[in-house]
Amino acid sequence: MAQEAAEVEIKGSYPEIDEYYESMPDKNGALIPVMHKAQQVYGWLSEDVQLYISHLLGVPASKVYGVATFYSLFNLERKGKFRVNVCLGTACYVRGAEKVLAAFENELDIKNTETTKDGLFTLSSIRCVGACGLAPVVMVNDKVFGRVNPDDVKRIVDEFLSKVGDIA
Amino acid sequence: MMVDITINNVETSVPDGTTILEAAKSLGVHIPTLCHLDLHDIKMVNRVGTCRVCMVEVDGRRNLLPSCSTTVSPGMKVYTNTKRAVSARRQIVELLLSNHPKECLSCERNQNCELQALAAELGIREIHFKGPRLKTEKDSSSYSIVKNFEKCVLCRRCETMCNEIQTVGVYSPVHRGFDTVMGTAFDRKMLDTNCTFCGQCVSVCPTAALTETDDTSKVWDAINDPDKIVIAQTAPAIRVALGEPFGLPVGTRVTGKMVSALRKIGFDKVMDTDFAADLTIMEEASELIHRIRHGGRLPILTSCCPAWVKFIEHQFPTLLDIPSTCKSPHEMFGAIAKTYLADKLGVAADKIVVVSIMPCLAKKFEAKRDELSGKTSGSDVDYVVSTRELARMIREAGINFVNLQDEDFDDVMGESTGASVIFGTTGGVIEAAVRTAAAWLDKDNPNPEIDFTQLRGLEGVREAEVEIAGMKLNIAIAHGLGNARNLLTQIRDGNVKYHAIEIMACPSGCVGGGGQPYHGNNIETLKKRAAAIYKEDEAKTVRRSHENLQIKKLYDEFLGEPYGEKAHELLHTHFSARDIL
Numbered sequence: 078m079a080q081e082a083a084e085v086e087i088k089g090s091y092p093e094i095d096e097y098y099e100s101m102p103d104k105n106g107a108l109i110p111v112m113h114k115a116q117q118v119y120g121w122l123s124e125d126v127q128l129y130i131s132h133l134l135g136v137p138a139s140k141v142y143g144v145a146t147f148y149s150l151f152n153l154e155r156k157g158k159f160r161v162n163v164c165l166g167t168a169c170y171v172r173g174a175e176k177v178l179a180a181f182e183n184e185l186d187i188k189n190t191e192t193t194k195d196g197l198f199t200l201s202s203i204r205c206v207g208a209c210g211l212a213p214v215v216m217v218n219d220k221v222f223g224r225v226n227p228d229d230v231k232r233i234v235d236e237f238l239s240k241v242g243d244i245a
Numbered sequence: 321m322m323v324d325i326t327i328n329n330v331e332t333s334v335p336d337g338t339t340i341l342e343a344a345k346s347l348g349v350h351i352p353t354l355c356h357l358d359l360h361d362i363k364m365v366n367r368v369g370t371c372r373v374c375m376v377e378v379d380g381r382r383n384l385l386p387s388c389s390t391t392v393s394p395g396m397k398v399y400t401n402t403k404r405a406v407s408a409r410r411q412i413v414e415l416l417l418s419n420h421p422k423e424c425l426s427c428e429r430n431q432n433c434e435l436q437a438l439a440a441e442l443g444i445r446e447i448h449f450k451g452p453r454l455k456t457e458k459d460s461s462s463y464s465i466v467k468n469f470e471k472c473v474l475c476r477r478c479e480t481m482c483n484e485i486q487t488v489g490v491y492s493p494v495h496r497g498f499d500t501v502m503g504t505a506f507d508r509k510m511l512d513t514n515c516t517f518c519g520q521c522v523s524v525c526p527t528a529a530l531t532e533t534d535d536t537s538k539v540w541d542a543i544n545d546p547d548k549i550v551i552a553q554t555a556p557a558i559r560v561a562l563g564e565p566f567g568l569p570v571g572t573r574v575t576g577k578m579v580s581a582l583r584k585i586g587f588d589k590v591m592d593t594d595f596a597a598d599l600t601i602m603e604e605a606s607e608l609i610h611r612i613r614h615g616g617r618l619p620i621l622t623s624c625c626p627a628w629v630k631f632i633e634h635q636f637p638t639l640l641d642i643p644s645t646c647k648s649p650h651e652m653f654g655a656i657a658k659t660y661l662a663d664k665l666g667v668a669a670d671k672i673v674v675v676s677i678m679p680c681l682a683k684k685f686e687a688k689r690d691e692l693s694g695k696t697s698g699s700d701v702d703y704v705v706s707t708r709e710l711a712r713m714i715r716e717a718g719i720n721f722v723n724l725q726d727e728d729f730d731d732v733m734g735e736s737t738g739a740s741v742i743f744g745t746t747g748g749v750i751e752a753a754v755r756t757a758a759a760w761l762d763k764d765n766p767n768p769e770i771d772f773t774q775l776r777g778l779e780g781v782r783e784a785e786v787e788i789a790g791m792k793l794n795i796a797i798a799h800g801l802g803n804a805r806n807l808l809t810q811i812r813d814g815n816v817k818y819h820a821i822e823i824m825a826c827p828s829g830c831v832g833g834g835g836q837p838y839h840g841n842n843i844e845t846l847k848k849r850a851a852a853i854y855k856e857d858e859a860k861t862v863r864r865s866h867e868n869l870q871i872k873k874l875y876d877e878f879l880g881e882p883y884g885e886k887a888h889e890l891l892h893t894h895f896s897a898r899d900i901l
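Residue numbers (the numbering used here), protein chains in the order written: chain A, 78 to 245; chain B, 321 to 901.
Do not take every clue at face value.
What the hints assert, rightly or not - Heads up, simulated BS3-like pairs for lysine-lysine below, C-alpha to C-alpha not over 30 angstroms straight-line:
1. K848(B) to K363(B)
2. K194(A) to K220(A)
3. K220(A) to K188(A)
4. K220(A) to K231(A)
5. K104(A) to K458(B)
6. K188(A) to K848(B)
7. K220(A) to K156(A)
8. K458(B) to K188(A)
9. K458(B) to K688(B)
10. K509(B) to K156(A)
11. K886(B) to K855(B)
12. K548(B) to K345(B)
13. K455(B) to K156(A)
14. K509(B) to K188(A)
15. K422(B) to K363(B)
16. K114(A) to K509(B)
17. K509(B) to K194(A)
No lab work stands behind these hints, which were simulated from the structure alone.
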């Protein structure tokens, strides 16, 4: 429900969000697309960004947060440069994905859902990615690794560590 | 267009767009509900269909349908009490109960809970579902409202009330699935949100998921402390609602019994916030006339309602120069009790404990405001208890309320006029102010008008023109914060010109306050309380605030001029902009 009348000082500056919102022909139902866009640009939805969207769209902050917590694809924490997603869907699970996840926890010295202190890796478990023939499957950002066994984990981590210089 | 349907084989014809539930009701057929709430007159309609308790069977439809949110269609054959419908209903309630702390015996809502009543109505004898229970932390941060969402049934009435009617937007379902709670933005504590503490969410909550902060034990402690002089003051709206928890008909005026009960509880003095309401009018009417004569900022906005004050601080920080600087009546009472009255009684101010009995939960937060303490001794007001809490104290003390003899308030700060009584309903404060302003401005008129009925009613936003001594005063009234928001937006944008505006946060004003006895989801309750307020006013011999003899004496002996220096020090306050979530 829009609250256009709120007299609110909008704090911060997020020109990408403004531009995207302005370009939307229909402002009804803008909330989720705008949140998507914000996550695309900033990688996650900080409280400041959620508040900004709340004030821009005239939607209560509680509702923005409600939507952000409902859909698992929205990130409420800053994620690492490399997002390691270990599939725990049925096919992957029965082929030992849990051991793969444990190996990543061990190699990165973090627990599932956490981010390494250097901000490089975030470890998550996900459900079926639709590549059951390759089970167990691990995705790091957009790259898919199939038939992963725990011994492969160090090699995968090293592969991305070696890219750090390139990105910087 | 009318639609022909049958319900339990009885034919009926209802307007297109009617829900099955409404159609059944018109035939006298009862369908149990839980989340559903229709307070039509204040536009509060919760029809989210989340609880599925009202499921009915419809011929030709494979699934049961929720009657509260399904509209009728031609030829529909509805069955409300088939075995399938009844057993589905029972299962749904069992599922709700399987995730509910079954501690009814020690629950705040014991014998006053819609879920408990529903379980009884459906004859639940066993809960067949065993599973985990959602654990959440109780939030008692706010001084006013306690959130215990382990008792929440996700009916979403609080969300509808807060977001749509009050337009404050504190609540939304957050997280997902079994972990869903009616949360706040970023799971903040209530104290850190832009909640106004109006307590309307508490008024409509069917269980004890939302209740008031319990201050009764502190009051009992003070009463039992021989060192303290404990003074009770009672808000206008209490006396037309306190009879309800004791089985008296809605709208019964119980002023005398209330005074008697407070004495029996052990208060040293029983005095009246109405006295301070008269004092408020002295100051507010003076401020209005001052602003008109000196080209001050208009309109003036009443500032008696603490939920409304917090609303404007969050939502319209650039308009903070328009509310009257008057403290709310019970705060004025506290300030005078700890100065003037302390002197009269010959006791030190720090021996006096002021307890406000209020129809309101926002007053609890208000009493903790920094700017409302320190000028006298500690806070102007020490404790605030709601009408519901007072009813409980009366029971705890074993007092037979219904059979009490009427008693009168104590002297000094107990006398009040009809003008102060009507503070308890929407339009009353402004009518009280106009009564006094009319008499002051129209000095040659021996019999100035007293009943300004054009200011009364239940319309969400009302406006009226009142002519006094050749001067036309444009007045507006809003109750419910959504209505207030509309009015304020118009003022901010310069679309309207008013001299004075009354705003009350709660729909229908204090008679419908968040601390009042539960209205049983019936708006007629609020109307009857309001009617009783006007009867109480009519029964008073003095009906203009400035004619209150004790008030006159207070100015003569202590305060000096209305709106003067001493009055400013003790009776006025200031407002500060707050962040918005």
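Hint check:
1. K848(B) to K363(B): Within the cut-off at roughly 18 angstroms; holds.
2. K194(A) to K220(A): holds, 23 angstroms
3. K220(A) to K188(A): With Cα atoms ~21 angstroms apart, K220(A) and K188(A) stay inside 30 angstroms; holds.
4. K220(A) to K231(A): Given that 30 angstroms is the threshold and the Cα spacing comes to 16 angstroms, the pair holds.
5. K104(A) to K458(B): Not OK: K104(A) and K458(B) at ~37 angstroms, beyond 30 angstroms, violated.
6. K188(A) to K848(B): violated, 61 angstroms
7. K220(A) to K156(A): holds, 17 angstroms
8. K458(B) to K188(A): Roughly 29 angstroms between the alpha carbons, so the hint for K458(B) and K188(A) holds.
9. K458(B) to K688(B): holds, 21 angstroms
10. K509(B) to K156(A): holds, 26 angstroms
11. K886(B) to K855(B): Violated: K886(B) and K855(B) sit about 35 angstroms apart, past 30 angstroms.
12. K548(B) to K345(B): violated, 54 angstroms
13. K455(B) to K156(A): holds, 28 angstroms
14. K509(B) to K188(A): The given pair, whose Cα atoms are some 28 angstroms apart, holds under the 30 angstroms limit.
15. K422(B) to K363(B): violated, 33 angstroms
16. K114(A) to K509(B): holds, 29 angstroms
17. K509(B) to K194(A): Holds - the C-alpha atoms of K194(A) and K509(B) are around 29 angstroms apart, at most 30 angstroms.
Checked against the numbered hints given earlier, the structure breaks hints 5, 6, 11, 12 and 15 and satisfies all the rest.
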